[in-house]
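S.K.: Protein chains in written order, with the numbering used here: chain B, 21 to 352; chain Z, 21 to 352.
Because the hints were derived from the structure by calculation, they are not lab data. Fair warning: there could be bad hints in the mix.
One copy or any two copies: either way a pair holds, since identical chains are not told apart in the list.
Unchecked claim - Heads up, simulated SDA-like pairs for lysine to any residue below, C-alpha to C-alpha not over 20 Å straight-line:
(1) Lys291 <-> Gln230
(2) Lys291 <-> Gly341
(3) Lys291 <-> Asp229
(4) Lys291 <-> Val97
(5) Lys291 <-> Asp211
(6) Lys291 <-> Arg239
(7) Lys291 <-> Ser118
(8) Lys291 <-> Arg324
(9) Lys291 <-> Thr173
(10) Lys291 <-> Pro41
(11) Lys291 <-> Asp30
(12) Lys291 <-> Arg22
(13) Lys291 <-> Val304
(14) Lys291 <-> Glu178
(15) Lys291 <-> Pro96
(16) Lys291 <-> Glu219
(17) Lys291 <-> Pro39
Please read these numbers as outputs of a predicted model, since none were measured by experiment.
Protein chains: 2
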Amino acid sequence: MRALVLEAQDQPLVVREVPTPEPGPGQARVRLKAAALNHRDVFILRGQYAAIRHPAILGSDGVGVVESTGPGTVVPVGLRVVVQPSLDWGDDLRFQGSRYRILGMPDDGTFAEAIVLPEGNLVAAPAHLDDASAGALPLAWLTAWRALVTRATLRPGERVLVTGIGGGVAQAALLLATAYGARVWVTSGDDAKIARAVELGACGGARYDQPDWGGRLVREAGGPFDVIVDGAGGEGFGQLVRALGMGGRLAFYGGTDGRWPALLPQFLFFKQVSLLATTMGSPVEFAHMVAFVAEHQLRPVVDRVFPLAEGAAAFARLESGAQFGKVVLDLT
Amino acid sequence: MRALVLEAQDQPLVVREVPTPEPGPGQARVRLKAAALNHRDVFILRGQYAAIRHPAILGSDGVGVVESTGPGTVVPVGLRVVVQPSLDWGDDLRFQGSRYRILGMPDDGTFAEAIVLPEGNLVAAPAHLDDASAGALPLAWLTAWRALVTRATLRPGERVLVTGIGGGVAQAALLLATAYGARVWVTSGDDAKIARAVELGACGGARYDQPDWGGRLVREAGGPFDVIVDGAGGEGFGQLVRALGMGGRLAFYGGTDGRWPALLPQFLFFKQVSLLATTMGSPVEFAHMVAFVAEHQLRPVVDRVFPLAEGAAAFARLESGAQFGKVVLDLT
């Protein structure tokens, strides 16, 4: 089979012929159709990740069709599935165990024509999604689901703020929260992205590079936020904390802007706020997320689809920051 | 009746004869026996609190006996009660409503021979507690209960760290968590207070004025902490965050040491930690706390009891920081 191979750190990704893996007991081989890129893949490419090995096939997302199964495997051949990217989460749903990995490093990932996975990592793909959309679902939507539903315990009618709406997790959070019956505001450094978010259902937004954007959003929303989902951190985190209302929950899954400012606890405890760290999610949350997406006919935003042979161009698109939505590889 | 009256900011508290209040519908008058001081009272004395009025009777804690009731009040005359210090919490148990006040400012508090309260603020006093101990229970133990049980969802067998063990909330957290089946470590600036905490059930402790106290506690405890209760904040908060284990919950109710350091979100989200702001608690939590104290025969630590006439000396004792346990006024 062909795969996009990372042969060494900071080397260009190259398409190589590699052996097609065979499924063992409890495993299945999926003929992949599409897989989205994530920032995690870029961090690995740049050596900014723990325990990197080479050569490696990256990729945590994917959709495809089961084409062969190992002994004792019960998933039917021919089923169209999305890949659940948590491996060995462990027994405690509150947090991952010590053997936990995200698919795509160190285990070979989805940027290939096929992959072998435990059948527990294969979930029937929502029928309303085409391959590009379904292949964009797993990591970003699982992260957004856990942040919003498990961690921030979102309720219908609440006011939600999602930062950095150009990102895949942020867009998933916008669409999930809107379908949940919440009203959602967003931030971006780009007016066009805010306008796109409003088309997707956001009530409004603010440029995070302009003064007092947090206060302006609170005024625009008619009150402080019940739930905030943030992947940026940095100095802006201080505005987020001030924009939280009584009992507000702020779930954070990233920190691309670095350290939070030095926060004064007195500004937090009277409001009974919760600052909730979160990363990706468990298989149980994945199943709930996919069922919710199917029920509400939600659709990941796809920025552009690149053929496998143009994997390097796909990475360049993701790193440019110009995209709105997921950058997807066509693996057919 | 006699009361300890704050006539103006930064004035010495004076014992004055004031009118004995009469209970209205749904209210009862309690002949008070004892009431503990809280740091909140000191903050008010120093003008470091919102919406201070003068003259005022401070005091959020108290125990006494119902001596008269208003029309329609059902609490029996003669019942020995502790005072529940949350007024108008509101309908949402997750956080207080806009009309919420803590007893003792602006409403007249318990540093008096009697008080009139809504009967919903009176809870039968645990029989095993003498007046000084029962009068020390309300604010500190309610704060500790909400921090540990409601906010941090403590489970038996977990490792708990309580900072600043000289304080009333910290001691309540130590005793509650131990009775809950948790193992508890503490911090203090004073070896003698750590030794006292060990007598009360702590597994060990560390001086927060010595290097790497957080790391040393983790090694001593045999692993990172599941739950941390903190009222200090400040630079030491960085050590607390590092001492949190996977899925760890840190409930904070104060910030006497000021701002947290600038935290890097990347050190938090992989661990799925929760930073949980909390302040005092609701009437429902108070009822659960008192029932738990009665069932487990727990006993607030009393440092010293002062007669009402020596109220100023009692405040000086609290402000000295030398005490271990609650400073209590004898109101009989």
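S.K.: Each hint needs a verdict: does it hold in this structure or not?
M.R.: Right, here's what the structure says about each hint:
In this assembly of identical chains, Lys291 and Gln230 lie within 20 Å of each other by CA distance neither inside one copy nor across copies; the values are 26 Å within and 32 Å between. Proximity of Lys291 and Gly341 under a CA criterion of 20 Å is satisfied in neither setting, with 35 Å inside one chain copy and 28 Å between copies. For the homomeric pair Lys291 and Asp229, neither the shortest alpha-carbon distance inside one copy (26 Å) nor that between copies (30 Å) is at most 20 Å. Taking identical chains as interchangeable, the C-alpha atoms of Lys291 and Val97 are never at most 20 Å apart, the minima being 53 Å within one chain and 37 Å between chains.
Taking the closest pair of Cα atoms, Lys291 and Asp211 never come within 20 Å of each other, the shortest separation being 32 Å inside a single copy and 34 Å across copies. Within a single copy, Lys291 and Arg239 get their C-alpha atoms as close as 18 Å, which meets the 20 Å cut-off; across copies the closest is 34 Å, which misses it. With identical chains, the CA atoms of Lys291 and Ser118 are at most 20 Å apart between copies only, with a shortest distance of 11 Å across copies and 34 Å within one. Taking CA atoms no more than 20 Å apart as the test, Lys291 paired with Arg324 passes in neither setting, with 42 Å inside one copy and 33 Å between copies.
Within a single copy, Lys291 and Thr173 get their C-alpha atoms as close as 17 Å, and across copies as close as 19 Å, so both meet the 20 Å cut-off. Taking identical chains as interchangeable, the C-alpha atoms of Lys291 and Pro41 are never at most 20 Å apart, the minima being 54 Å within one chain and 33 Å between chains. Taking the shortest alpha-carbon separations for Lys291 and Asp30, neither the intra-copy value of 46 Å nor the inter-copy value of 28 Å comes in at or below 20 Å. Taking CA atoms no more than 20 Å apart as the test, Lys291 paired with Arg22 passes in neither setting, with 54 Å inside one copy and 36 Å between copies.
When the C-alpha separation of Lys291 and Val304 is checked against a cutoff of 20 Å, the pair qualifies only between copies, where the shortest distance is 19 Å, while the shortest distance within a copy is 31 Å. In this homomeric assembly, Lys291 and Glu178 come within 20 Å of each other (Cα to Cα) only inside a single copy, at 16 Å, whereas the closest approach across copies is 27 Å. Proximity of Lys291 and Pro96 under a CA criterion of 20 Å is satisfied in neither setting, with 51 Å inside one chain copy and 36 Å between copies. Taking the shortest Cα distances, Lys291 and Glu219 never come within 20 Å of each other, neither inside one copy (33 Å) nor across copies (35 Å).
Proximity of Lys291 and Pro39 under a CA criterion of 20 Å is satisfied in neither setting, with 57 Å inside one chain copy and 36 Å between copies.
The structure does not agree with the numbered hints 1, 2, 3, 4, 5, 8, 10, 11, 12, 15, 16 and 17 stated previously, though it agrees with the rest.
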